[in-house]
Amino acid sequence: MASISDVLKKSTIFNSLEEIDLQRIIPLFERRGLYTGDVLSTAGNTAQYFFILERGALLLAMEDGKSVVLATLGDFIAMELLSDRGRYKTTMTVLEDGMVFSIPRLSFLDIIQEDTPGAAAIMQAWQGYLDQTAPFAKNIADIDVPAIF
Amino acid sequence: MGITIVFSGLVLLSFVIAQLHKGLDLYENPRKIKGWFSLKKKPVKKLDNSLEVKEMLLVLTEEQKEIAKQFALLVSTLEDHFSLPRLLELARISGVKNFHSNLNILLKSDILFPDKEGFFCWDQDLYIETISN
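Sequences listed follow chains A and B, in order. Take the first sequence: its letter number 115 is residue 115 in the working numbering, and every next letter is one higher. Take the second sequence: its letter number 26 is residue 26 in the working numbering, and every next letter is one higher.
Bear in mind the hints are in silico, worked out from the structure with no lab data behind them. As the structure is a computational prediction, the values presented were derived from the model and not from experiment. No false leads were mixed into what you were given.
Here are the simulated lysine-lysine pairs, DSSO-like style, with alpha carbons at most 27 angstroms apart: (1) B/Lys108 - A/Lys89; (2) B/Lys108 - A/Lys10; (3) A/Lys66 - B/Lys108; (4) A/Lys66 - B/Lys69; (5) B/Lys108 - B/Lys65; (6) B/Lys116 - A/Lys138; (7) B/Lys108 - A/Lys9; (8) A/Lys66 - A/Lys138; (9) B/Lys69 - B/Lys116; (10) A/Lys138 - B/Lys108; (11) A/Lys10 - B/Lys116; (12) A/Lys66 - B/Lys116.
Calculated from the model, a selection of chain A residues having no Cβ within reach of chain B, i.e. all distances over 10 angstroms: (13) Ile13; (14) Thr72; (15) Leu73; (16) Gly86; (17) Asp115; (18) Thr116; (19) Leu130.
Every residue, glycine too, gets a C-beta built ideally from N, C-alpha and C.
Let the sequences and hints guide you as you build the complete structure.
Rendered as structure tokens:
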């Protein structure tokens, strides 16, 4: 079982952060079990958490029948993939037992809106990650306004 | 000299006779020849739901083959590029057993694969190969 520190260091979103930034963000995460068939988020509900995957498989069902399956350690399920103006836009279903770490959505958005190298690194890595995993989910018009998520 | 030639011939003949069964086996199972030229497979690994997966190739029990066939029938009612949540919902409505985990196995085997536009496709050749084993 990996620690949140291990997961963050292996995640393409967070692995470029300085140790001081990691130590600041780590306490915000909470471990949560994944059980096949469970629904982690429902489209339309208030978006409270973002998630980073330790193990297991998740189906993210988006608008217009589109979807993506995430099953790699360090996959980050947030922003364009999950929420829009404070509401989940994605229904997330567990396809395989595993584990995630959740972080309060507002806490994460506060961090990435700071004028710091760490925030800039996360946002830059996020755009690359979206290009790789779900380019169809990118919100080009609002790309620089994290608060909308 | 003559004795050496005769003896060598006898050794060669016995070797050929000893290997004859392998030739007959290849004649009866020509797929083995194809296997020599295919990519080296990863070792078989056991998954939680007892499906055995090689690289690109599932080894299914008879029950699991029936479930894969059920998914194939459902996919045949959809477009070439289809919604995966829609397929999952159809599987639920149709009463497919353990539809979450079995869908996941089809994804892991690459029988179901993403088209990078948010939809998924079905690899019919890989499916046929998988259920034929």
